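Let the sequences and hints guide you as you build the complete structure.
For reference, the chains in residue letters:
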Amino acid sequence: MGLSDSPSRIDAASIYLIQGPIDERQAGRLAEELLADPVMEDATIGSSPARGAALVEVHPRPGVMDPNAEAIEWAVQSMLGVEVQVRTGRRYDMHGVDRETAQAVARRCLANSVIHAIHDEPYHPQAFPAGSPRELRTVTIPLDDMNNEALVRLSREAHFFLSLEELKAIQAQYRRLGREPGDIELETLAQTWSEHCVHKTLKATIRYRDETNDSDRNPRIDMRGRPGHEINPDGSVTIHNLLKSTIAAATNELIADGLDWCLSVFVDNAGIIAFDEEHAVCFKVETHNHPSAIEPYGGAATGIGGCIRDIIGTGLAAKPIAATDIFCVAHPDHWRQGPRRARRGLSSAQRDLPAGCLHPRRILMEIVAGVRDYGNRMGIPTLNGAVWFDDDYVGNPLVYCGCVGVMPRDLVKGDPKPGDSIIVLGGRTGRDGIHGATFSSAELTDVHADEFSHAVQIGNPMTEKKLLDVILAARDHEDGCLFTAITDCGAGGFSSAVGEMGEQLGAEVNLEQASLKYEGLSPTEIWISEAQERMVLAVPPERVEKLQAVCALHAVEMCELGTFGTDDRELVLRYDGTEVGRLAMEFLHEGRPQTTRDAVWSPPAIRGLSTPCLAAGENRPSIREALLALLAHPNITSKRWIIRQYDHEVQGASAVTPLVGADGDGPSDAAVILPVLNSRRGLAIANGLATGLRDDPYLMALAAVDECVRNLVCVGADPSRIAILDNFCWPSCDNPQELGGLVRAAEGCYDAAKAYRTPFISGKDSLNNQFTTEDGQTIKIPPTLLISGIGIVDDVRKCVTMDIKGVGNYVVVVGATQESWGGSHYGEVYGCADKNLPRVDLDLGPRIAGTMHSLIKRELVESVHDCSDGGLLVAIAEMCIAGGLGVALDLSPFPELSPQTLLFAESPSRFVIEVSPSNLRAVQLQFAEIPLAVVGKTRGERTLGIDGLECAWTLDEVSGAWLGTLDW
Amino acid sequence: MGVDRNVERRGPAPRVMCADSRTRLDFHRSCQMPNALIITTAGINCDRELAHAFTLAGARVESIHLNCLLDDPALIDRFQLIGLPGGFSYGDAIAAGRIMAALMRQRLYPALVRAVERGVPIIAPCNGFQIAVQIGLLPGPAPGEPWPETAPKPSIALAQNASARFVDRWCRVELPTESCCVWTHRLDPADETRLLPVAHGEGRFIGESDTLIQRLADSGQIAV
Numbered sequence: 001m002g003l004s005d006s007p008s009r010i011d012a013a014s015i016y017l018i019q020g021p022i023d024e025r026q027a028g029r030l031a032e033e034l035l036a037d038p039v040m041e042d043a044t045i046g047s048s049p050a051r052g053a054a055l056v057e058v059h060p061r062p063g064v065m066d067p068n069a070e071a072i073e074w075a076v077q078s079m080l081g082v083e084v085q086v087r088t089g090r091r092y093d094m095h096g097v098d099r100e101t102a103q104a105v106a107r108r109c110l111a112n113s114v115i116h117a118i119h120d121e122p123y124h125p126q127a128f129p130a131g132s133p134r135e136l137r138t139v140t141i142p143l144d145d146m147n148n149e150a151l152v153r154l155s156r157e158a159h160f161f162l163s164l165e166e167l168k169a170i171q172a173q174y175r176r177l178g179r180e181p182g183d184i185e186l187e188t189l190a191q192t193w194s195e196h197c198v199h200k201t202l203k204a205t206i207r208y209r210d211e212t213n214d215s216d217r218n219p220r221i222d223m224r225g226r227p228g229h230e231i232n233p234d235g236s237v238t239i240h241n242l243l244k245s246t247i248a249a250a251t252n253e254l255i256a257d258g259l260d261w262c263l264s265v266f267v268d269n270a271g272i273i274a275f276d277e278e279h280a281v282c283f284k285v286e287t288h289n290h291p292s293a294i295e296p297y298g299g300a301a302t303g304i305g306g307c308i309r310d311i312i313g314t315g316l317a318a319k320p321i322a323a324t325d326i327f328c329v330a331h332p333d334h335w336r337q338g339p340r341r342a343r344r345g346l347s348s349a350q351r352d353l354p355a356g357c358l359h360p361r362r363i364l365m366e367i368v369a370g371v372r373d374y375g376n377r378m379g380i381p382t383l384n385g386a387v388w389f390d391d392d393y394v395g396n397p398l399v400y401c402g403c404v405g406v407m408p409r410d411l412v413k414g415d416p417k418p419g420d421s422i423i424v425l426g427g428r429t430g431r432d433g434i435h436g437a438t439f440s441s442a443e444l445t446d447v448h449a450d451e452f453s454h455a456v457q458i459g460n461p462m463t464e465k466k467l468l469d470v471i472l473a474a475r476d477h478e479d480g481c482l483f484t485a486i487t488d489c490g491a492g493g494f495s496s497a498v499g500e501m502g503e504q505l506g507a508e509v510n511l512e513q514a515s516l517k518y519e520g521l522s523p524t525e526i527w528i529s530e531a532q533e534r535m536v537l538a539v540p541p542e543r544v545e546k547l548q549a550v551c552a553l554h555a556v557e558m559c560e561l562g563t564f565g566t567d568d569r570e571l572v573l574r575y576d577g578t579e580v581g582r583l584a585m586e587f588l589h590e591g592r593p594q595t596t597r598d599a600v601w602s603p604p605a606i607r608g609l610s611t612p613c614l615a616a617g618e619n620r621p622s623i624r625e626a627l628l629a630l631l632a633h634p635n636i637t638s639k640r641w642i643i644r645q646y647d648h649e650v651q652g653a654s655a656v657t658p659l660v661g662a663d664g665d666g667p668s669d670a671a672v673i674l675p676v677l678n679s680r681r682g683l684a685i686a687n688g689l690a691t692g693l694r695d696d697p698y699l700m701a702l703a704a705v706d707e708c709v710r711n712l713v714c715v716g717a718d719p720s721r722i723a724i725l726d727n728f729c730w731p732s733c734d735n736p737q738e739l740g741g742l743v744r745a746a747e748g749c750y751d752a753a754k755a756y757r758t759p760f761i762s763g764k765d766s767l768n769n770q771f772t773t774e775d776g777q778t779i780k781i782p783p784t785l786l787i788s789g790i791g792i793v794d795d796v797r798k799c800v801t802m803d804i805k806g807v808g809n810y811v812v813v814v815g816a817t818q819e820s821w822g823g824s825h826y827g828e829v830y831g832c833a834d835k836n837l838p839r840v841d842l843d844l845g846p847r848i849a850g851t852m853h854s855l856i857k858r859e860l861v862e863s864v865h866d867c868s869d870g871g872l873l874v875a876i877a878e879m880c881i882a883g884g885l886g887v888a889l890d891l892s893p894f895p896e897l898s899p900q901t902l903l904f905a906e907s908p909s910r911f912v913i914e915v916s917p918s919n920l921r922a923v924q925l926q927f928a929e930i931p932l933a934v935v936g937k938t939r940g941e942r943t944l945g946i947d948g949l950e951c952a953w954t955l956d957e958v959s960g961a962w963l964g965t966l967d968w
Numbered sequence: 001m002g003v004d005r006n007v008e009r010r011g012p013a014p015r016v017m018c019a020d021s022r023t024r025l026d027f028h029r030s031c032q033m034p035n036a037l038i039i040t041t042a043g044i045n046c047d048r049e050l051a052h053a054f055t056l057a058g059a060r061v062e063s064i065h066l067n068c069l070l071d072d073p074a075l076i077d078r079f080q081l082i083g084l085p086g087g088f089s090y091g092d093a094i095a096a097g098r099i100m101a102a103l104m105r106q107r108l109y110p111a112l113v114r115a116v117e118r119g120v121p122i123i124a125p126c127n128g129f130q131i132a133v134q135i136g137l138l139p140g141p142a143p144g145e146p147w148p149e150t151a152p153k154p155s156i157a158l159a160q161n162a163s164a165r166f167v168d169r170w171c172r173v174e175l176p177t178e179s180c181c182v183w184t185h186r187l188d189p190a191d192e193t194r195l196l197p198v199a200h201g202e203g204r205f206i207g208e209s210d211t212l213i214q215r216l217a218d219s220g221q222i223a224v
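Line order of the protein sequences matches chains A and B. Quick note on my numbering: the first sequence kicks off at 1 and runs consecutively. Quick note on my numbering: the second sequence kicks off at 1 and runs consecutively.
Note that these hints are calculated values from the structure, not bench results. Just to be clear, a hint being listed does not mean it is correct.
[Unchecked claim] Restraint-style ranges between C-beta atoms, simulated for each label pair:
no., chain 1, residue 1, chain 2, residue 2, range
1, B, L195, A, H279, 41 to 51 Å
2, B, K153, A, D23, 38 to 48 Å
3, A, G81, B, K153, 50 to 60 Å
4, A, N678, B, L195, 17 to 27 Å
5, B, R165, A, N678, 27 to 37 Å
Keep in mind that this is a model prediction, so the values were computed, not measured. Just so it is clear, CB atoms sit at the ideal spot from N, CA and C, and this is done for glycine as well.
Structure representation (structure tokens):
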């Protein structure tokens, strides 16, 4: 914990503060029959005397979601028939520490001051804080007189984060209208035009200059003939709408070329593909980085909660069936927190944690807990993920949350009709989460925790689970689907949900109709609140009553906020009949000025060095030592500690889970689920992340797509039925260099998607991921591109896992090994000077994937594993650990490669397979045109050894190294 | 830092238990197409797969929301098979299954005991098990003894896991040679490959007395 003293013991207790008309006897009954377990707990009414030297109580701050309180209120009402209000808290009696230390322990481990109040004595308020009604005040903001400087100041101070050009366009619009904008109108524009909602960087016109010399080491991208790209006389390239000209273009070209299973791409909350004749599946991955930096538990939980709502809000509602999570954080052991070195094992290599950052260990533990508590409570298996460690994530961790859904094929599209009611279901609206969309579009600083605490929220999975139950019941209603369109209330709240749904029709909204958590919200606050667990539906008026009945059974709140459709396609906002805002949908959605941005590519000087990696023979680590060090590397080490906290069995549809093998500790390349329980058809889910290749985002994108495809193919997915998603997390792209990297990544996505014939169906970007410390230093994250994929498995009975299955089988490596060390883990650990990055062969890679699939289909392989982080030897060691069997390696088929290169280089497009002797000939024939070599044989002896190199490990040694690092 | 929760550690929790020997029922012979009840409420999330399993086994399945049963407990009387599914009922607020158990204990205990006495098999995995324990349905009276008229004070509890967090993993399970459990009594105890997934945050078995587990074992009330 980085503290000088630790408590010798802590007694913990739950606290329930109950406000309402109950007497002593009823309180006793609640304590006995509801609040305490009769076998193992004691209940005290009031406060028990202090048991330790110091007492700490942690309570949620007023207005912060207390997810259990609502359920307890309901239980009390059912049991006693009286209405009460409940707040919960935790009490810790600490032994062996003073008050100061106890407070420090609480701040460091038990509470986050953004959302919690820490007390040093029992907290017993006379009454809960409550809101009070307020009078309606409409606020107009006089833009007309503002000069540029004043506009910029307004944007910053009001947290609009709009650019000067955008503010001037708004100023001009209101001059044309001859009036000043209301604050609610500016807020609506700021939300709708935020980077988060509209992706203005990826949709901008970009002028890209490549200032490098073309060479093998530094390949120029051939920009000729790419859609939406214009080559200028000076050699620079103008790209009209980067997203449309690269990622979407690849999908459109594939569709034009006959790919017929994409049902909805880039337009809805998630991309949708055909699953079988009757069903479709959809997939979306979101990021929730900035909230997770400040309050990791709530940030991650609401991240997965929001992504699940995206799936529920796709088409006419999909049922969420799987979740994914990928985290990027700083190395937990590299950072020191607190005034002195108080913990054993601190090395001098540790750096001081910048002010305003939470410790990476705490961040990782809490984001895992957040995903766990939300995903598990929703009953959605979390089946796939990854963790990547890099110290540049210290101030700005990345939290990617994904969700897969299944739906009937005839419900993939919804459209509101004029006259439909705007119905809000689920949670109440509060002041929480205001400015989330604009906050996520800004860069972080050391004071963000104070400035943006209102953007951080705690989720309530119960509310969302009930919401899901109601929406599926309304979708599958005996009278047909009760709604014509649905979307989630995410960033921007009602403002973006209603604004987007009503884009073509206009909408009239009565803000006083929203059900509120407490009184006193202004109309603007109601309109832009990002309170969680709300969905907006368009419901034909004659069906509202039926929906109301469904809601009543499940005890879900519903309110009617207004109607879709106005004469002039306007958004009209009223409060108690008074108009508080009026915006033309056309200006709101199309009025944003198009910008041209400059992008430059001039690679870091460190690239292009050609010193052979292993020149200094004496310093070369032994292969024995290197394998153990790599297996213990945090990127490679087992993520069992995380995976086992997630339910991956719920819904009873998991065919291949994230942990496979004899003892359930093998890392599966992908998960496979059965979206339709009585069919054998499966869906594989995987991801690819190649942040090691950050020095050239073009190569990084190729490698990420390649890895994602391989992971899916490994378990049995058909590579001709794989759909992928892009999630860019980048530092500020106001910097032309960073934008240059982004352009290269997008071009890589285009080339890889076309080569592998894997359409992008949806995506999301999060820019401005950097952190400015109190002394003004900016820590930029590595440019990070996550590729997530789903692939169809024809018959899950033919799925293959990566654990070695039998004795006496051949171990075969498929694909070419390149001598390049840039981005490799071996290079990182042992400091290779060679920074050459491996490059995916876009002809060979797809051919290998296709051939591998036909082998799996013909049941010619016993096990398959992708060869990625750590290289070939790590992949084989993982297969041994998973299968509990040994392998004898023989490197003689590769006389031209050094053992280090063969064993540790991280060349793309390679697989390791286990083949029985009787199938070897058939496998070799199938791979006739593809590099392939037998490198060893499996054996019953529990050792991994390399013939001729006097090098061997017991399986206990390798699994000890691999399981030890993240065994928290 | 040691956190003492004032509870002692015992072995892993059995996942499935039956009430007592009178629930033994020759399922395949006596009912061709039983009506199966699945009780759901806010936060229950394994109801669909339990319904799928019941259907595969030949039952006609109806999922009924707890709110409807609380209003009309006699609805239970028309079923020949009951499932309390897994999930996080009411978010597992207070403790796993606590609120659902408190409500069922208060209003459904007589109807559930009537069902048990009719010989209706009840399966209660996961959250269902945590709920059945807290209702007072498990471990149930010793063979030969009658069911109490009102819900008995629970004699066992499922404490937070020793790791203090939710764990999902596949476990090898042992079957007792003598079991009165309708769900496991015909399975071969010699089969060592038997695996079950466990997935819970509160599954550490605590008995009110040291002799409880022995008593349960002696009377065949341990299912796995």
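Ascending list of hint numbers which this structure does not respect = Checked against the structure, the hints that fail are numbers 1, 2 and 3, while the rest are satisfied.
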